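2 protein chains.
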Amino acid sequence: MFEAGADTPRKYLERCLEVISNREAEVKAFVCHDFESAQKAADASSERYRSGRVLSALDGMPFGAKDIFKSAEFPTEVGSEFFRGHRDWQDSAHIYALKRSGAILVGKTTLPELGSGYPPLTRNPYDLSRSPGGSSSGSAALVGAGMLPVATGSQGRGSIIRPASFCGNWALKPTFGALHSGGLIWRSPSYSVMGIHSASLDDCWAVARCIADTVGGDPGHPGLYGADQLGPGSKPSRIALLETAGWKGADETYKVKILKFGEKLSANGVELISRNDSRDIEKLEKALSLFPNYRPVIAAWEVKYPALMARDVGSSFITNELLARFGEGEKITLEDYRTALISLEDLKAKFQATAKSVDGYLTLSAPSLPPLGMGTGDSIFGDPASALGAPAWNLPLLEDRGLPMGLQLLGQQHSDFKLGQYAKWMQTISD
Amino acid sequence: MFEAGADTPRKYLERCLEVISNREAEVKAFVCHDFESAQKAADASSERYRSGRVLSALDGMPFGAKDIFKSAEFPTEVGSEFFRGHRDWQDSAHIYALKRSGAILVGKTTLPELGSGYPPLTRNPYDLSRSPGGSSSGSAALVGAGMLPVATGSQGRGSIIRPASFCGNWALKPTFGALHSGGLIWRSPSYSVMGIHSASLDDCWAVARCIADTVGGDPGHPGLYGADQLGPGSKPSRIALLETAGWKGADETYKVKILKFGEKLSANGVELISRNDSRDIEKLEKALSLFPNYRPVIAAWEVKYPALMARDVGSSFITNELLARFGEGEKITLEDYRTALISLEDLKAKFQATAKSVDGYLTLSAPSLPPLGMGTGDSIFGDPASALGAPAWNLPLLEDRGLPMGLQLLGQQHSDFKLGQYAKWMQTISD
Chain X
0 MFEAGADTPR
10 KYLERCLEVI
20 SNREAEVKAF
30 VCHDFESAQK
40 AADASSERYR
50 SGRVLSALDG
60 MPFGAKDIFK
70 SAEFPTEVGS
80 EFFRGHRDWQ
90 DSAHIYALKR
100 SGAILVGKTT
110 LPELGSGYPP
120 LTRNPYDLSR
130 SPGGSSSGSA
140 ALVGAGMLPV
150 ATGSQGRGSI
160 IRPASFCGNW
170 ALKPTFGALH
180 SGGLIWRSPS
190 YSVMGIHSAS
200 LDDCWAVARC
210 IADTVGGDPG
220 HPGLYGADQL
230 GPGSKPSRIA
240 LLETAGWKGA
250 DETYKVKILK
260 FGEKLSANGV
270 ELISRNDSRD
280 IEKLEKALSL
290 FPNYRPVIAA
300 WEVKYPALMA
310 RDVGSSFITN
320 ELLARFGEGE
330 KITLEDYRTA
340 LISLEDLKAK
350 FQATAKSVDG
360 YLTLSAPSLP
370 PLGMGTGDSI
380 FGDPASALGA
390 PAWNLPLLED
400 RGLPMGLQLL
410 GQQHSDFKLG
420 QYAKWMQTIS
430 D
Chain S
0 MFEAGADTPR
10 KYLERCLEVI
20 SNREAEVKAF
30 VCHDFESAQK
40 AADASSERYR
50 SGRVLSALDG
60 MPFGAKDIFK
70 SAEFPTEVGS
80 EFFRGHRDWQ
90 DSAHIYALKR
100 SGAILVGKTT
110 LPELGSGYPP
120 LTRNPYDLSR
130 SPGGSSSGSA
140 ALVGAGMLPV
150 ATGSQGRGSI
160 IRPASFCGNW
170 ALKPTFGALH
180 SGGLIWRSPS
190 YSVMGIHSAS
200 LDDCWAVARC
210 IADTVGGDPG
220 HPGLYGADQL
230 GPGSKPSRIA
240 LLETAGWKGA
250 DETYKVKILK
260 FGEKLSANGV
270 ELISRNDSRD
280 IEKLEKALSL
290 FPNYRPVIAA
300 WEVKYPALMA
310 RDVGSSFITN
320 ELLARFGEGE
330 KITLEDYRTA
340 LISLEDLKAK
350 FQATAKSVDG
360 YLTLSAPSLP
370 PLGMGTGDSI
380 FGDPASALGA
390 PAWNLPLLED
400 RGLPMGLQLL
410 GQQHSDFKLG
420 QYAKWMQTIS
430 D
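Chains as they are written, first to last, in numbering that gives the first Met the number 0: chain X, 0 to 430; chain S, 0 to 430.
I should point out that these hints are in silico values taken from the structure, not numbers from a laboratory.
No experiment lies behind these values; they were computed from the predicted model shown.
All residues carry an ideal CB built from backbone N, CA and C; glycine is no exception.
Any given hint might turn out to be false.
Said to hold, decoys possible - Below are the DSS-like pairs computed for lysine-lysine, each with C-alpha atoms no more than 30 angstroms apart in a straight line:
#, chain 1, residue 1, chain 2, residue 2
1, X, 347, S, 347
2, S, 349, S, 263
3, S, 285, S, 417
4, X, 256, X, 285
5, X, 347, S, 355
6, X, 349, S, 347
7, X, 349, S, 285
8, X, 330, X, 256
9, S, 355, X, 330
10, S, 254, S, 330
11, X, 349, S, 263
12, S, 254, X, 355
To be verified - If you want a taste of the chain S side facing chain X, the calculated C-beta under 10 angstroms gives, among others:
#, residue
13, 187
14, 188
15, 286
16, 374
17, 429
18, 430
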């Protein structure tokens, strides 16, 4: 529309600002924003469209960034008194890439204290009595409320996929290292990634592609694979329906809904298999069910250094609950951590062993409806893709009791693009 | 001596300060220091020895840290006007670990502009007309001059090993990820590590062990393997003498010296092999000789994001030579980078293929004498261990024209400890 002159980045931004002015007071997705600078940037972009000097397909796209990513124009406070007013000279890698491509950073979005402590005041745009999920709370709510088309997040457990499910967003948690996470100020665990929430599947991919092409993946990684555009979508041949460790605690309605969606896939010619049909999938399920036993060891050891230091320097700025959790690293030895890494290697091998049997894996994005009140919900369905370094998409294709309900489509490392194409096809059959 | 009461941390520190007062004005190893705080910390440590509440074997050990690592008490300026006065709330992981164990951070040490640009004013303590090497210039000179027993550094190419050779220090460039490099403010390339310079081989290992035990390796890595102490040393059975890409440009005298050392190893019962004796070693040498062709692609792509951003934000604070180099990432695509990574994988496979044939690999630490004037010398002999993520020790066992000359002992990943034991044995035969 911008290219055709039927719309301009400034007009588009103004419509976003109108939604923001209608919804932000109740949703509370932003930590900070600068509408005036955004308007100036939108004017400059509009001028580039007029004069044919467009920077990229994302020129003029307004977006928000989770306030765990450094940015030059805004403070980076990580939802914590400890970082109150913290400024940095640099934009995070993905912010740098998007701004260089003409996209407009409108503001920073909320998250719980240091990503995992006290939740933000942000509300679910579909039901203000409920949480938008977390830890990418503000980014999820922002996109879910239609305030901006795109917002970025990060995931160490379920921080991209779960809130996307709760707020009805498309979201990509990429292959580990496929998108440059530079500027992520508080990373735990080691397999954390940056990712994207979007109102549209194509936009989500375009943003990912832009980041990878401009700044690459994390240094040492080959970056995101896949073409510029997802195209019309494609039908997978065979999908594994995974329970993972979260299944036994999941809501019955949620289970029924995903099984029904599985039937729809079958009806449309996709072969669906589960732990009952394949010994390799059964072995994977068993390995996944063990992950919660050693995940806390990995998490506590990997956050030990920054956490204990933060405790030493600024205990009065950190809530007691988080301080207690920060102390857990002290009980863990390097030897304990190595043992956990060996278990994780075993899980990865079991996942790898299923690579040739299926095109992708379908599971829930969250175990139940977004929680009432402040809690951001259970991360358990985010763990598999996080721990495996595997790509996962949230597909906002279902509803439960009037609220969005996501499906999670996972795949082997570097299948981000192929999964996006499957997601697109699944969208067509769910309409 | 501290434990026996024959010496105290305060008395030891005072002797260090005396050397500093004699040598620092001409060597210029420090960016900043705080002797008064160090004296207070040494008093507290002395009191711990008196009262039997010693924190660790390193309690009371004064050390310096390369000014590329964040620290809470000192600015972190990375040798650059761009970071002038930059402060941070956190100590780097290794500084946190060492301080927690009772060691005393005396000051920060010099390096070239952002690790690779304009060299610092630091001089070689053995010949003030010459460079101490780089980029861990100040740490090398500090230890070489006997001002402090230990200083930390980082290596992306040859930044630990080369200056150790020039300044006569023991040094460990550990297996990639084996020591937590958190707080390294400017990392390029991705396989960069933190490492240690020391006047004593045992101290070097004790410091490495302390860091790994307290904060571990880089998150996701199993950390440094090996016992608490190197012990009496051990004799390797078979060592490969490697030329690497640096050999053809190396000084003839240096070549003669290392070959003579090889003869000494043989005379002491170590089997020495080279590219002439083994097809696998020959393949490795060929792969190593190709590394300089694609190394610049890796370096330029991996520094693209921070470099271009630094250029955008602060070009007036960066020298023109470095700005020009910073622009190189713009010419490189993600596809070029992937091609380089594939070549690097091939090199790693060739290295791996030799693992069972030899116990370690011996090569030069630098191609020639420390340069006269300001240049910090050629990094080329540092490239193999850096690119392979392999451990490497500098053994300060030779001299050339009255100046220290190091040997580099490399090994497969996680052989840091075994190599340290071999180094100790080599010290006994070289005495």
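Hints versus structure:
no.: 1; hint: X:347 / S:347; verdict: 22 angstroms, holds
no.: 2; hint: S:349 / S:263; verdict: 28 angstroms, holds
no.: 3; hint: S:285 / S:417; verdict: 26 angstroms, holds
no.: 4; hint: X:256 / X:285; verdict: 23 angstroms, holds
no.: 5; hint: X:347 / S:355; verdict: 27 angstroms, holds
no.: 6; hint: X:349 / S:347; verdict: 25 angstroms, holds
no.: 7; hint: X:349 / S:285; verdict: 37 angstroms, violated
no.: 8; hint: X:330 / X:256; verdict: 42 angstroms, violated
no.: 9; hint: S:355 / X:330; verdict: 37 angstroms, violated
no.: 10; hint: S:254 / S:330; verdict: 38 angstroms, violated
no.: 11; hint: X:349 / S:263; verdict: 50 angstroms, violated
no.: 12; hint: S:254 / X:355; verdict: 52 angstroms, violated
no.: 13; hint: 187; verdict: 8 angstroms, holds
no.: 14; hint: 188; verdict: 7 angstroms, holds
no.: 15; hint: 286; verdict: 19 angstroms, violated
no.: 16; hint: 374; verdict: 27 angstroms, violated
no.: 17; hint: 429; verdict: 33 angstroms, violated
no.: 18; hint: 430; verdict: 34 angstroms, violated
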